[in-house]
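Asker: Residue strings, one per chain:
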Amino acid sequence: MDGGGGGGGMGGACYVYPGAPATPGLVTADVTYDLGIDMQIPLTMDDGNTVNMWGFSDGGGNMGGMGGGGGGMGGGTFPSPAMRMRQGQIVHTNLSVDMMMMHTVHHHGIEPADHSDGVGHITWDVANGTYTYQWRPAQAGTYFYHCHTNTVLHAEMGMYGALIVDPPEGPGTLFSGGPTYDVEAFWVVDEIDSSWHTLPWTAGTCGGDVGLNNLNPDYFVITGVDGSGNSAMDLAPISATVQRGQKLLARYICAGYHPQRIRFGGLTGKIYASDGRPLPNPVSVTEIRAGSAERYDIIFEPTTRGEYIIETDIIHWVTGNVLGTTRTNIIVT
Amino acid sequence: MKRRDFLKAGTAGLAGSVLGSVGLIAWTPRAHAATITKTFYITDGFITQPDGVNVYFRGFSPSSSSLAVPGAQLVAQEGDTVRITIVNRLNTSHSFKIDGVVDSGRISGGQTRTIEFQANNAGTYLYYDARNAPYNRLVGLHGGFAVMPNGSSNEVYAGSPTFVQQYFWVFHDIDPVWHNAIRNGNTPNTSYTPRYFTLNGLSARPPGAPGAHDPAVDAMADPLSALHGHVGDRTLLRVLNPGMCQQSVHTHGNHMEWLTDNGQVRDDVWSKDCIYLEGNMGKFDAIYPYEPPPDAWPPVTTGAYPMHLHTEMSQTAGGGLYMFGALTDIYFE
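For the record, the sequence lines run as chains A and B. Residues in the first sequence are numbered from 1 upward in steps of one, following this note's numbering. Residues in the second sequence are numbered from 1 upward in steps of one, following this note's numbering.
Some hints could be false.
[As the list claims (entries may be wrong)] Listed next, the stretches of chain A that the computed footprint assigns to chain B, with coverage defined by at least 3 CB atoms under 8 Å from CB atoms of chain B:
#	stretch
1	41-49
2	92-103
3	118-129
4	133-143
5	169-176
6	227-241
7	285-296
Everything labelled a hint here was simulated from the structure, so no lab data went into it. For glycine and all other residues, C-beta sits at the position ideal for the given N, C-alpha and C.
With the hints as constraints, model all of the structure from the sequences given.
Answerer: This is the structure we're talking about:
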């Protein structure tokens, strides 16, 4: 869509490519997600401060309609609502955005036709309408979805959610032929630079220094909860309680931009899959270093009663200094 | 300002490519070892960044009157003798080093030095100026060097998964304050804050931007950076990071087969949509398999997708200008 954007115009946005055309090859879906936009999601931190987040709202549907709509008002959560379907199902993600702004949905790790990939400069940024992303996941595993418009800002603002593809046999099996599990935990670790959280959706797109090269986080969250203190302790499905003999599947998503190191508090886990793909051979680990947007699926089979603290360090991408740490726990009974 | 050395002069008169670029010129294995010669001129100058700021660089350049950042891609074959002549056109001391292979030692201002070494171990290497580390490397004195396995045209190392074509992706991050200090003969004394991010020396220019589609300035149009292929055109990515930032390299359309990590052949090949790239000369090799995007419905075999760093700060220039950073496009033709 060359030249669809360009400099100037569009409410102060540059190099955006507005559109919401009909989806090529549209067929009846097995699973449908209707997403709207919510630009006012207050997130209260352990220190009592509130940071404004952006996100997708569930049941977006018609513009300005119920459940938040595309109007940037209400209905959203941080993280955005999880998507969960089975391998081989045809999925529609209907994104509704009003005329005042632009967003997309990129289903990260899902590899659809380019018109359903949600990358503005290759296709379009959804504006003033509803666009249907159509795709059919071929491989069970852990993915996530996020906005890909002015991504550096929009994903940092919280416009992402988990995307879980179950195998045809359903939850309880990681992938066909892979391990089963009894309990599931979701560790979506992210950092927040609150100084970015008063910027408009267009920030920086026409030029000017708005600081998007320099992410200096002051809050550290796990699956939508301030993780620096005790808020994510004993809080399923971030934390988990497992009986000896049971198997826990932890789905870890590095949702931030700085690198991370996750430590399992004395437990040893087995990585069975990463980035939605089974490993040729599972790998036993007590910690994992991860880069932005990597996912790891780890099975724990704990044998000793106790509380195990799962800590994730967020590490500066240049200095290697630990900027902050999130904590949750596994209780083995 | 000439930004690129396609090594046409260096390979003129030779059958196939003895010391050839990749991405443009297919590699042709030879039955016998060759002696390869190449001359680099250490030069300096300014390169205009996407926000119009001119930043000082030094490079391993093809002539006294040019500036190349990074230096030309070099490819040899196991057993070859490589003879490199360095003409230092500056009045500062520099060097030419490939870790574990060769180190010229100090080449004083105005001096010329010829070094000779055997290309013994197949793999992907960074050549760089190791003096005044890391500053001379950061200010632009670096480039990619590859050794092909003896007699092989399609392996990274003997017995590796095979490829059809190969590219270097040299990622870099730039703090203009540091570059200016180096220009003035000072040791940078500020905290490193990169403001520009490049792939093979170029930032991207989204459609509609000045310079978009110009291969001299737009990393998305650069034939050495953008991937072009048909289904089945398995493409080797030789990924190098002379910069300071840890990065996460993310491809759309296909997962990558992750073969090596910092020069070590991995125990298993993992299929990844994000691969962790260490700062300070981290590197990996991966194959982009050019399989039909697996989650498309209806199925497709053509399309366009981005490759970008998911460390999204690196997608900006001058603190804003999303999509003017280190990214390119992948074309299924």
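Asker: Quick check: the stretch 285-296 of chain A, covered by chain B? Criterion 3+ residues, Cβ under 8 Å.
Answerer: holds (count 6)
Asker: Within the assertion that chain B covers the stretch 92-103 of chain A, do at least three residues meet a Cβ-to-Cβ distance smaller than 8 Å?
Answerer: violated (count 0)
Asker: For the stretch 133-143 of chain A, count the residues whose Cβ lies under 8 Å from any Cβ of chain B; is that count three or more?
Answerer: Per the Cβ count (6), the hint holds.
Asker: Go check the stretch 227-241 of chain A versus chain B for me, would you? Three or more residues, Cβ under 8 Å, otherwise it fails.
Answerer: violated (count 0)
Asker: Three residues minimum, CB to CB under 8 Å: does the stretch 118-129 of chain A make the cut for coverage by chain B? Let me know.
Answerer: holds (count 3)
Asker: Please verify the coverage claim for the stretch 169-176 of chain A: does it have three or more residues whose C-beta sits within 8 Å of some C-beta in chain B?
Answerer: violated (count 0)
Asker: Mind taking a look at whether chain B covers the stretch 41-49 of chain A? Criterion is 3 or more residues with CB to CB distance under 8 Å.
Answerer: violated (count 0)
In summary, the numbered hints that this structure violates are 1, 2, 5 and 6.
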